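All chains, full assembly: derive it from the sequences and hints.
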Amino acid sequence: MVELTINKIKVKAEEGMTILDAAKSAGIAVPTLCHIKNLFPTGACRICSVEVEGQRGLIPSCAYPVYDGMVVDTNSPRVRKARKTIVELLIENHPQDCLICVRNKNCELQDLSAQYGIREHRYAGESKDHAIDISSPSMERDPAKCILCGRCVRVCNEVQQVGAIDFTKRGFQSIVTTPYNKGLNISDCILCGQCILVCPTAALREKGQLKEVANALNNKNKFVVAQIAPAVRASLGEEYNMPLGTDVTGQLVTGLKRLGFKRVFDTNFAADLTIMEEATELVNRVTTKKPLPMFTSCCPGWVKYIEHRRPELLKHVSTCKSPHEMEGAVLKTYYAKKIGIDPKDIVVVSIMPCTVKKFESHRPELSEDYMPDVDAVLTTRELVRYFNMAGIDFCDLPGSEFDNPLGESTGAAVIFGTSGGVMEAAIRTAYNMITGKELEKLEFEQIRGFDGIKELSLNLNGLDLNFAVVNGIGNVAKVLDEVENGTCKYHFVEVMACPGGCINGGGQPIHQKPEKVIKRVKALYEIDSKMIHRKSHENEAVKVLYKEFFGEPNSHKAHEILHTHYQSRKK
Amino acid sequence: MHKQIFEKYPAKDKSNLIALLQGVQDIYGYLPEGALQDVADYVGLPLSRVYGVATFYNQFRLTPLGENVIRVCRGTACHVCNSANILFTVETNLGISAGQTTRDKKFTLETVACIGACSIAPVITVNDEYHGKVTVKEIPNILKKYNTAKPVNDKQKAGVK
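Chains as they are written, first to last, in numbering that gives the first Met the number 0: chain A, 0 to 570; chain B, 0 to 160.
Worth flagging that the hints you see were computed from the coordinates, not collected in a lab. Since this is a predicted model, take the numbers as computed values, not measurements. The hints are all genuine.
Computed list of lysine-lysine pairs in BS3-like fashion (alpha-carbon distance at most 30 Å, straight line):
1) K168(A) - K7(B)
2) K477(A) - K521(A)
3) K436(A) - K529(A)
4) K11(B) - K569(A)
5) K23(A) - K512(A)
6) K2(B) - K569(A)
7) K168(A) - K104(B)
8) K512(A) - K529(A)
9) K181(A) - K105(B)
10) K7(A) - K512(A)
11) K168(A) - K36(A)
12) K168(A) - K105(B)
13) K168(A) - K83(A)
14) K570(A) - K104(B)
15) K256(A) - K515(A)
16) K488(A) - K11(B)
17) K488(A) - K440(A)
18) K512(A) - K36(A)
19) K181(A) - K104(B)
20) K11(B) - K181(A)
21) K570(A) - K2(B)
22) K2(B) - K13(B)
23) K488(A) - K436(A)
24) K7(B) - K477(A)
25) K570(A) - K168(A)
26) K219(A) - K261(A)
27) K556(A) - K546(A)
28) K13(B) - K168(A)
29) K288(A) - K440(A)
30) K569(A) - K7(B)
31) K36(A) - K11(B)
32) K477(A) - K13(B)
33) K210(A) - K336(A)
34) K36(A) - K13(B)
35) K569(A) - K13(B)
36) K127(A) - K206(A)
37) K521(A) - K104(A)
38) K181(A) - K2(B)
39) K477(A) - K11(B)
This is the structure we're talking about:
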């Protein structure tokens, strides 16, 4: 322990702590821009500069360790002036279009400008002019709005280990971009959107589909239905200042109905369906020694990753469509027939915590006869914008129930939204399929939590099975290496591209509260624990669906409608 | 062809990145896209990082050099002696901007901060030859001197590759 003085307050701090963290522990706020908690500091933006007694220049507090007897001033006139100048210089090279910007009122640069009371342009000069990259169906990249803090680069390289973007060129010409400045659509970016979550401005953002959805809702000939992913219900409330991890399922259904959606279904129904298909596929693979381990296919970011980098391992990926695509496919086949509507008139809108889902819905493999399974994907953030536009006071909405039959679900489906959830749900059902008995304890703590790779071994009827959960695409390379050289001991591996799972997806509300993921995950596990049915094979509506339509899991018809194939994207 | 350079360096060691890029550029005169990817795979870095390094340093080129390399000095002394107009004249005569190569691959045009021959400012160099105290009027003749080889064929004139 060391003792230092910050702003004349005595502060105790641990050795090796940065000035920034020490100040924070004492309730003293220091602004940051390039800083990401838990990543090695770069000290690039200098906005966290503080004055340290005995030091000639200002010190970047995010990168400087404390020592005993240190005297720090985080709020001296010199510090304030330096910070103000930094913000002024950043603003001068930034488009002045806050009023029409998608991040208006949720922008760190805007906040700093307000905080330091900037009221005039003192450094009018040349500014950058760059084309917006709109090539990808998921994301837009607007380098003109980039302030070169490098947070996206570090998340992409160090956390996700994808390395799709980096700093290029030098000085005023510097720009964060893909190799050869090519469009994101043809780069090996997996569109996970983790960069969007850390971008302080709107330089990285999702590609909006609100217009398409609004047009469909206004079209009287269209039967527009919505489906909601599990992760959305535990995070959307944050946009309305509700406590982290508030479950807003009921309000969501009412809100969507008021927007004009004819039916509101639950992607969880299809999650249960996915488990039936995937667990059956796993049992088949284990008994026939087909390519093992089997990887989950729910996460389109992960699928894109393996298509780019290890297409030779694609045979290991489950052929199941992802849950929202299954829901769309069932809606346009079984449900359309059931209610007597031409599937071409049904518009399926998915509300997702994810940016890659937009890309996924455009995949030609996921459409039948030029009719996509899912027509549009809105992120959590986009839906909030739509609610606001439509004058819906979300906080005061009464709750209502999902429509049936594609709205019924079990607890196993809800936890799809978190890392380890798909695996846990699959085990609950696979146990029953292999042993014919029901599990007594449904919770598997080993595969919950936030470790990079989580492992679990079970003995089912004399069959030793090893399961693994890869939390964040940055941890998957090791497992893939093992598969490649034949040393992989796992039978079934879940991969989620975003750290924490969908709950921390690229389409979720943007703020830097550190406990957000933990609280949202907790909310999902809580919903699960309160459900009567907590195993996918207990979903009555799914049982009926198999009885009336598919016959049995992995039947020929199920393969046609619920399964897909992949393509190599290796250059 | 460039893979023989790799043997000199251990694989998966990113500290050799610049040496590898220099080696590749020595062979081709520039860094072809495929070679950049090979270097990235060899040192174990994403292509974006390797591309970032290649665009950071002036010494690396991502496009092939022309037969003749013209460098226009834009140092202080040359600037005072009208080098801005010299550069503009060369650019309009060749139909390219500084940093580019003509479509027929005859000329590459670059600017230099100072060539170190201020006594004969303004200076341009073509390959290894120095032209001192140049005037705007002389530029077309100087260019003509180096543009002697076979005339451009019709296809190239029409801009077809």
